[in-house]
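Okay, so the sequence shown: first residue is 31 according to my numbering, each after it adds one.
Check the hints yourself; a few may be wrong.
[Said to hold, decoys possible] Under the rule of at most 20 Å between Cα atoms (straight-line distance), these lysine to aspartate or glutamate pairs were calculated in the DMTMM-like manner:
1) K406 - E53
2) K300 - E258
3) K316 - E279
4) K417 - D383
5) K658 - E595
6) K92 - E127
7) K283 - E335
8) K794 - E936
9) K473 - E441
10) K92 - E53
11) K174 - E145
12) K475 - E441
13) K108 - E134
14) K174 - E127
15) K463 - E904
16) K390 - E412
17) K475 - E457
18) K475 - D408
19) K174 - E203
20) K170 - E107
21) K300 - E247
22) K202 - E258
23) K417 - E458
24) K394 - D434
25) K96 - D56
26) K390 - D352
27) K370 - D408
28) K508 - D434
29) K442 - E412
30) K463 - E441
31) K370 - D392
The hints are simulated quantities; they were obtained by calculation from the structure and are not laboratory data.
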Amino acid sequence: MSLNKFQHLSLISPQLALRASFEAGDLTEFRRALRNGAGVNVRDQDATYSIFEHACRTPGKKDFIKACIQHGALVSEKNPVSEEYPIHIAALSFDSENISALLETHWLNIDEKCESQTALFLLCEQISNDNWQPAFECIKLLLKYQANINATDAENRSPISLIADGADPWRKEVVQYCLSNYSVNVDFRRGQARKLIVRNFPDVHIPAYDMETVTVEVLRSKLSAGTEEGFLEAYNKYCSQHGEQELGEQDRKDLLAMAVNRAKLQVAQKLVEAQMEGGKFRGSPKLLSGLLANCCVRGNVRVLEWLLEIIPTHEVALVNEDPLLSLLVKEIDAYKDKNKCPFFRSMIILLHDPRVEIDKTDVKQCTALHYAVRFKIDHAQELLLAKGAYVGGADLYGELPISDIDSFMLEKHLDSCITNNGRKPSEEDYEIKINFTNFVPPKHKPNASDQSEKSSFTLPYDDEMLPIVRMAQSADTKRLLRHPVISSILLLKWYKLSIFFYLNLLLCTIFFVSFIFFVVFCYGRDDAPFKLLFHGMSLVGLGYLILRELIQFLLNMRVYVRSLENYMELLLIFAASTVLLYEFGNETRRVASACVILLSAVEFTLLIGTLPLLSISTHMVMLKTVSKNFLKCLVLYSIILLAFAFSFYTLFRVNDSEKAEDAAGTDPAAQDKADSGDDDQFNQFGDIPLALMKTAVMLTGEFEAANIKFQQSGLSYIIFALFLFFVSIVLFNLMNGLAVSDTTIIKAESELIGIIQKVFVINKYENALKTSKPIRCITGRLSWLFPSNSLQLFPNLVPLQYIAIKPNQSNAILIPSMVERQTIKDAEKGDMELGKKSEAQILLPQNEKFGNECCIMPCFRYNMDGKFVKYALEILHSRQENVGSIEYRISRIEHNIDRMLQEQIELRKLMQSVNDALQKVKT
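Taking the hints into account, I'd like the entire structure generated from these sequences.
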């Protein structure tokens, strides 16, 4: 299959492209199909293996296996048809590199059993004269990764007995390697393996294996292949022989990790029993390191609950050591029932623990919500969004969850963010609460891992506006900009930013008006009235423009150099400086004045177009869109226009010799007219620039055909008729039709376009005001004029979680009050039990409404837009209408179950604290 066919198939059917590229061995197209959404765990109809499992069982496919693992391959999931695990499938490929690609994930149980057989046992059973060399390499690799060589099958046969059953020379080599490097028990089934070794290889030395003395290797063997009771018996015997303190910390950690991997809760509890105090683990946190991640990868729900209970409350770093939620999401199968999925139940348990960081990122800077959106796991997305997952975090490739999330699911969640205070809508104190939790940047949340990096000089404007900007840029989600949650954020941001916008607009307007008056009426005239006034005001405005551009450049250099508008402003500054500081001659003055007037007009039009007023912003979008489409059409059709222009120049131009002959054969009046140069050169296509200009004018319908000399050639009539049809009729009407079509579409979405323009304006001004290192010291000294958090909805200490609106009190906006600093300090120390405050304590009093905190415009008070309030009331009303529906009842049942689980967890914690208190009283 050719490359083009692969790419075409990857776009039409990524799953077919995935299989085709795998069969062709094309790794590049295989990865392309994965990026386009193909699933590595999907099994075709009547197929036994998925693509990932096919890669595991096919020799030489290590790179394909790694690509599958990077895209969510289930390395610990059993095949429902063959009941094999990926490690068994890879072992049967007899390719050590395939097995190595699996074992590098670190989340694989190497001793997983299929029909009571481990992968090592399977290799020892399938080894033969034909494959012993690659099989031996696989055996070495498994043993290197601590595979249990003493793990037996259902008939109590050991791997060493299978290898020793024969006198082949290669069997002797394998037996010697195992006996000399690992503790092998050859006495299973009354010493069957020992008898075989003595009979077939009498010269092989068998190391002593003391069955009475319990060693760490014996404990590992019991833990790998035996029952919990067998291990506990051996562990008690080990403690009586050596003392519990003799077990090294690393050995204890390895045994604990094995117990957690195999979901042996009693064994794990026994191993940490000596370091427990009051129901909490008091030993070294290193002992529990990585255990939560192992539970998440294997779906060990009971062990996960136990670990979260014993880990002390202040050990937030230990809980968030690994991106637990991301590990769980990658293991969830979107096609399975969520109620039967252990990984989803583990997610619920983690999200009910206040210590867990919901926006923890992995090495790819991906959060759990990233993976839930990428793998289309709807129930995981709903759960994460409901718990406040941030929708604006960017991964290594700059992708945001909100860019790919299903718009209807996002709308449903945003609807759930709108609640009330339980009062009747007719009551005076009725409130609409709008929750902003999903838009609070992770580093402003109480349990963020980078709290030490927080600073009062850090202004994360990009974090606040980035998800909304991506929504405005997406065709699927831009309609949600009208939603009350998004509209409220934009409105509050605009209230805080409007003073800077209108101040800039006022100063620029003064400069443009005074400068144009100076250029038109005073430039080059010494006796012009008010010349000094306009000149002085223009210089002051020019100084403001220079200062503004310099500050923008220093604040955000990368963003500044990428904007074409900034280059136009620099050109305007240069041209205006030249005009204001130098007096040119008459001709040069006219050219310079005309250029500066045009630049000023364009700049002023763009500035006025940024006004977030519906009509102005809509008309500006119309102007830009129609101009852009006209230019695109002209670029395409310019070939035709140039061809006609050169044709007209060739046909209708008059040579100098022809002019002289015509002048000699005419009367004296005509001769005088020729000598005076009154010939209409423009209509005669006298030279190439005039021909191009004349053709462009004729495009608009201004022909002046009476002045064109068609009699010079009969072909001129045909060419002019072709121009008339193709250019003046077809092309011109086509361009007009495109303009009308664009205008109709823009008018139909005028409200949405106005909101989108407001989004871009706010984002632009916030990027311009972003603090950077070169001037951080300056902004710190000017904090009395411009507080560091005056433009933020989510300040560093206390983020704005929600707002309340009073519909019956002129849509007044109420915001949460600041929590005491001592409470914040307690939260940073790990105490997540923030003091519960009543509604009256949390909300500002009625007369303390939302306003701007900047000293330039202090305490202006605002109300919420009536359209947003009406929209929010409609959402609340529709929710009440669905109270009797089956969907609502099911959702309420799920909500009640979650609430009961949460109460059960809290009750368990309360009982544990009571037991701790009683224990302290007894001591």
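**Hint numbers contradicted by this structure** = 1, 8, 9, 11, 12, 17, 18, 20, 22, 23 and 31
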